[in-house]
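2 protein chains.
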Amino acid sequence: MKFFSFWRSLASFRVRIALNLKKVAADVVFIDLDANAHRDAAYREINPQMALPSLVLDDGTTLFQSLAILEYLEETHPAPPLLPADRKGRARVRGLAQIVACEGHPLLVPRVRRYLDHELNLRDTQQAAWRRHWTVETLAALEGHLAGDKGTGGFCHGDAPTFADICMVGHVTAAVTQQIDLGPYPTVKRIFETAMALPEFAKAHPSMQPDTPEAMRAK
Amino acid sequence: MKFFSFWRSLASFRVRIALNLKKVAADVVFIDLDANAHRDAAYREINPQMALPSLVLDDGTTLFQSLAILEYLEETHPAPPLLPADRKGRARVRGLAQIVACEGHPLLVPRVRRYLDHELNLRDTQQAAWRRHWTVETLAALEGHLAGDKGTGGFCHGDAPTFADICMVGHVTAAVTQQIDLGPYPTVKRIFETAMALPEFAKAHPSMQPDTPEAMRAK
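In order, the protein sequence lines correspond to chains A and B.
According to the numbering used here, the stretch in the first sequence is residues 1 to 219, in order.
According to the numbering used here, the stretch in the second sequence is residues 1001 to 1219, in order.
For the record, the hints were derived by calculation from the structure and aren't laboratory data.
Note that the structure is a prediction, hence the values are computed from the model and not measured.
Check each hint, because a few of them may be wrong.
Simulated pairs of lysine-lysine, BS3-like, Cα-Cα distance not exceeding 27 Å [said to hold, decoys possible]:
1) 1150/B with 22/A
2) 1002/B with 1203/B
3) 88/A with 1189/B
4) 1150/B with 1189/B
5) 2/A with 1150/B
So the derived label-pair ranges between C-beta atoms look like this [as the list claims (entries may be wrong)]:
6) 1032/B with 117/A: 31 to 39 Å
7) 85/A with 1080/B: 38 to 46 Å
8) 213/A with 1126/B: 47 to 55 Å
9) 1210/B with 213/A: 49 to 57 Å
10) 1196/B with 117/A: 48 to 56 Å
11) 1123/B with 27/A: 27 to 35 Å
From the derived model, a few chain B residues whose C-beta atoms are all more than 12 Å from chain A [what the hints assert, rightly or not]:
12) 1086
13) 1210
14) 1213
For each residue, glycine too, the CB sits at the ideal point set by N, CA and C.
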């Protein structure tokens, strides 16, 4: 199994956490988005969309889209489960994960940032305001769903990590990078800290990867 | 079961198709996004994020996020299946669905359009160029994955509709609204036409809903 990853990619971060939690070994291939390595012919053949992450199985099948990869890992390596056993619980966890993956994150990815910069010629302050606006909106959506819901426990759903926590920590990492105050989102903050205290989450963090640039590495 | 829907919402369109295919009856409650009905206290209590669609079960549980609702319907009403039986096939279908739901669609939703209009004060031509850019990019991503892949059949995956087709038809509907030429995306175009010929898809179309304004109705 080959896992095509980039240290800063928050979608790669999700898959790294799932691989760690499920103790699935994969050969990691680092694709340097900053050097446009995802546009090389070799990677284009693997993933015609030139997006990260990709998981290439031993038979050559390429899996794409981080949440689809998470579902595949859940089906092939069910322990520990990253979805609850009951259907309503699974719907809640998937919904929480999708608030990040289908609403917040897509507005913050490099290709959108490039469009704001090169096509719309936005000033740096406007670009920062865009990132902040959508980051904060998603934090508020998560807090609204998590605070006071009886399904919320030590983690987003119950007392073990699920897809929801995996997606949430990436989003909070984006917020921390922007120095956004997490005070108004106490449930999100508490769960983020609980999750990141687990070695499977901590080792998957963007600041801890073999391809993390020296200046960005956790000290 | 109560389904909170809006005629023009492409995420609501997805759930309508799945309900039709699985022959699941739901009382439809129309939430007029244009009149800001999603911000009313009554709907806010159901969905604190004030987003559409929501599916409220008979025990009061609210399901949110269209793909999480689709997964729930698949688990509770397995016939006809909207995911393939094999794991790799399921991963492909979910990945294709997520190209729309996690990449293309989030850049075209009303709250992003409002931001472009009110916060960035973009000219109409710039707003139209934004919509066109991301619509076309997603059409190209879908065509790249579908054309020449042996998994592609009469539909996105094999010869029966799946989550992938359900998401794709909404995206192509957005392209058609913008009068984007589908010529460069022949596989997408062919599958769109095949899917929309099914009554379960046709009846779910934005132009065919009880709350569709007269001027937007299919003649």
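Handout entry: 12 Å cut-off, C-beta based - residue 1086/B kept clear of every residue in chain A
Key = Check fails; 10 Å does not lie beyond 12 Å.
Exercise for the section: Please work out if residue 1150/B and residue 1189/B have their alpha carbons no farther apart than 27 Å. Expected result: Roughly 18 Å separates the two Cα atoms, so the pair holds.
Practice task
May I ask you to test the hint 27 to 35 Å on the CB atoms belonging to residue 1123/B and residue 27/A?
Solution key: Check failed, 49 Å falls outside 27 to 35 Å.
Handout entry: Assessment of proposed distance window 38 to 46 Å (beta carbons of residue 85/A, residue 1080/B)
Key = violated, 25 Å
Exercise for the section: Go ahead and decide if the range 49 to 57 Å is satisfied by the Cβ distance of residue 1210/B to residue 213/A. Expected result: At roughly 56 Å between Cβ atoms, residue 213/A and residue 1210/B fall inside 49 to 57 Å, so the hint holds.
Handout entry: Hint consistency between residue 88/A and residue 1189/B [alpha-carbon to alpha-carbon, up to 27 Å]
Key = violated, 35 Å
Exercise for the section: Go ahead and decide if the range 31 to 39 Å is satisfied by the Cβ distance of residue 1032/B to residue 117/A. Expected result: Roughly 36 Å apart at Cβ, these two residues keep to the hinted range, so it holds.
Handout entry: residue 1002/B paired with residue 1203/B [C-alpha distance capped at 27 Å]
Key = Holds - the C-alpha atoms of residue 1203/B and residue 1002/B are around 18 Å apart, at most 27 Å.
Problem - residue 1213/B remote from chain A - nearest C-beta pair above 12 Å - result: holds, 26 Å
Practice task
Take a quick look at whether residue 2/A and residue 1150/B sit within 27 Å of each other, Cα to Cα.
Solution key: holds, 22 Å
Exercise for the section: Confirm or reject the claim that residue 1196/B and residue 117/A have a C-beta distance inside 48 to 56 Å. Expected result: 37 Å Cβ-Cβ, so the 48 to 56 Å window is violated.
Practice task
Would you mind confirming whether the straight-line C-alpha gap from residue 1150/B to residue 22/A stays at or under 27 Å?
Solution key: violated, 30 Å
In this structure, the hints that do not hold are numbers 1, 3, 7, 8, 10, 11 and 12, in rising order.
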